[in-house]
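**Q** Sequence lines, in order, name chains A and B.
Residue numbers for the first sequence follow this note's numbering, so the first one is 104 and each next one is one higher.
Residue numbers for the second sequence follow this note's numbering, so the first one is 81 and each next one is one higher.
Please note that a few of the clues may not be correct.
As the list claims (entries may be wrong) - Pairs of lysine-lysine, DSBU-like flavour, derived with a Cα cap of 35 Å: (1) B/K146 - A/K201; (2) A/K213 - A/K159; (3) B/K146 - A/K145; (4) A/K145 - B/K144; (5) A/K170 - B/K146; (6) B/K135 - A/K170; (7) B/K121 - A/K213; (8) A/K105 - A/K159; (9) A/K145 - A/K213; (10) A/K145 - B/K121; (11) A/K145 - B/K94; (12) B/K94 - A/K170; (13) B/K121 - A/K159; (14) B/K135 - A/K213; (15) B/K144 - A/K201; (16) A/K170 - B/K100; (17) A/K213 - B/K94; (18) B/K144 - A/K213; (19) A/K201 - B/K94; (20) A/K170 - A/K201; (21) B/K121 - A/K170; (22) A/K105 - B/K121; (23) A/K145 - A/K170; (24) B/K100 - A/K159; (25) A/K201 - A/K159; (26) B/K146 - A/K105; (27) B/K135 - A/K201; (28) B/K135 - B/K146.
Claimed, not checked - Partial list, derived from the structure: chain B residues whose beta carbon lies under 8 Å from chain A: (29) L124; (30) L126; (31) G191.
As the list claims (entries may be wrong) - Partner residues are not named here, just some residues of chain A that face chain B (Cβ under 10 Å, in silico): (32) N110; (33) N125; (34) G144; (35) K201; (36) G207.
The hints are simulated quantities; they were obtained by calculation from the structure and are not laboratory data.
If you're wondering where the values come from, they're calculated on a predicted model, not measured in any experiment.
Ideal Cβ positions, reconstructed from N, Cα and C, are used throughout, including at glycine.
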Amino acid sequence: QKEVEQNSGPLSVPEGAIASLNCTYSDRGSQSFFWYRQYSGKSPELIMSIYSNGDKEDGRFTAQLNKASQYVSLLIRDSQPSDSATYLCAVRGAAGNKLTFGGGTRVLVKP
Amino acid sequence: GAVVSQHPSRVICKSGTSVKIECRSLDFQATTMFWYRQFPKQSLMLMATSNEGSKATYEQGVEKDKFLINHASLTLSTLTVTSAHPEDSSFYICSARDRIGSFSGNTIYFGEGSWLTVV
Chain A
104 QKEVEQNSGP LSVPEGAIAS LNCTYSDRGS QSFFWYRQYS GKSPELIMSI YSNGDKEDGR
164 FTAQLNKASQ YVSLLIRDSQ PSDSATYLCA VRGAAGNKLT FGGGTRVLVK P
Chain B
81 GAVVSQHPSR VICKSGTSVK IECRSLDFQA TTMFWYRQFP KQSLMLMATS NEGSKATYEQ
141 GVEKDKFLIN HASLTLSTLT VTSAHPEDSS FYICSARDRI GSFSGNTIYF GEGSWLTVV
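The shape of chain A in the complex, shown without the other chains (with noise of 0.2 Å):
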């Protein structure tokens, strides 16, 4: 089993809909986790950062947290022709302090 687990997708979302993009991890104890959004050819860029149970909201983006089912997810409303990307979740485990990225989902907006 994968530490972190996205589906690849692609999802593709029509412009002005939602995209739900879900994201599961095996680390029970890992505290910190993170949406990250890469562009083809470029390096990945935060988007969202959460820490506890629930929601929390920045923009058109939305991240989920339930620790309960090891599971986390985003949000993103209004989607963008320019939100076309891939998705990268990343989760800090409890030991150490380096971020452990799932594979990635591919998001196509259409216009």
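Given chain A, work out where chain B should sit, using these hints.
**A** Chain B alone, transformed into the frame defined by chain A:
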């Protein structure tokens, strides 16, 4: 905002030669830097954690004698790919942790990445 600079952004080298990639934190001190490798259409794979003034910690399966990491100062870490082969061609990305801030996504900054092609 905080900036992490990588150099070179693209490099082509001949098989069997060595190539060095630099990662610099431009406006903050980084006690810890991380080196990742990313193959096309795959996720980032952590290669090693570089700690200032001490030996790097390598992930399982990463050859420490092939991927030499030096973190001699709080603002510079280098990755040297020795005796490069075509299968080492990849996108190499570093990230740096701000010494001042507590560990959080907001204080982990990624460099722009370096494309290595071994011919």
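**Q** Take the hints in turn and mark each one as holding or not.
**A** Against the structure, the hints come out as follows:
1. B/K146 - A/K201: OK: B/K146 and A/K201 at ~21 Å, within 35 Å.
2. A/K213 - A/K159: 26 Å, holds
3. B/K146 - A/K145: Distance of about 25 Å is within 35 Å: holds.
4. A/K145 - B/K144: 26 Å, holds
5. A/K170 - B/K146: 38 Å, violated
6. B/K135 - A/K170: 34 Å, holds
7. B/K121 - A/K213: Holds, at about 21 Å.
8. A/K105 - A/K159: OK: A/K105 and A/K159 at ~26 Å, within 35 Å.
9. A/K145 - A/K213: Cα-Cα ~21 Å, so holds.
10. A/K145 - B/K121: 12 Å, holds
11. A/K145 - B/K94: 24 Å, holds
12. B/K94 - A/K170: 48 Å, violated
13. B/K121 - A/K159: 29 Å, holds
14. B/K135 - A/K213: 47 Å, violated
15. B/K144 - A/K201: Between B/K144 and A/K201 the Cα gap is close to 18 Å, so the pair holds against 35 Å.
16. A/K170 - B/K100: 41 Å, violated
17. A/K213 - B/K94: Violated, at roughly 41 Å.
18. B/K144 - A/K213: Judged against 35 Å, a Cα distance of about 44 Å means the pair is violated.
19. A/K201 - B/K94: 32 Å, holds
20. A/K170 - A/K201: With a Cα-Cα distance of about 19 Å, the restraint between A/K170 and A/K201 holds, given a limit of 35 Å.
21. B/K121 - A/K170: This hinted pair holds, its Cα atoms lying about 29 Å apart.
22. A/K105 - B/K121: Cα-Cα ~17 Å, so holds.
23. A/K145 - A/K170: OK: A/K145 and A/K170 at ~30 Å, within 35 Å.
24. B/K100 - A/K159: 40 Å, violated
25. A/K201 - A/K159: Holds - the C-alpha atoms of A/K159 and A/K201 are around 23 Å apart, at most 35 Å.
26. B/K146 - A/K105: 26 Å, holds
27. B/K135 - A/K201: 16 Å, holds
28. B/K135 - B/K146: 14 Å, holds
29. L124: 5 Å, holds
30. L126: Holds. Min distance 6 Å.
31. G191: At 6 Å from the nearest chain A Cβ, B/G191 passes the 8 Å test, so the hint holds.
32. N110: The hint is violated - A/N110 has no Cβ within 10 Å of chain B, the shortest such distance being about 13 Å.
33. N125: Hint on A/N125: violated, closest Cβ of chain B at ~15 Å, above 10 Å.
34. G144: 8 Å, holds
35. K201: 6 Å, holds
36. G207: 5 Å, holds
When held up to the earlier numbered hints, the structure conflicts with 5, 12, 14, 16, 17, 18, 24, 32 and 33 and fits the remainder.
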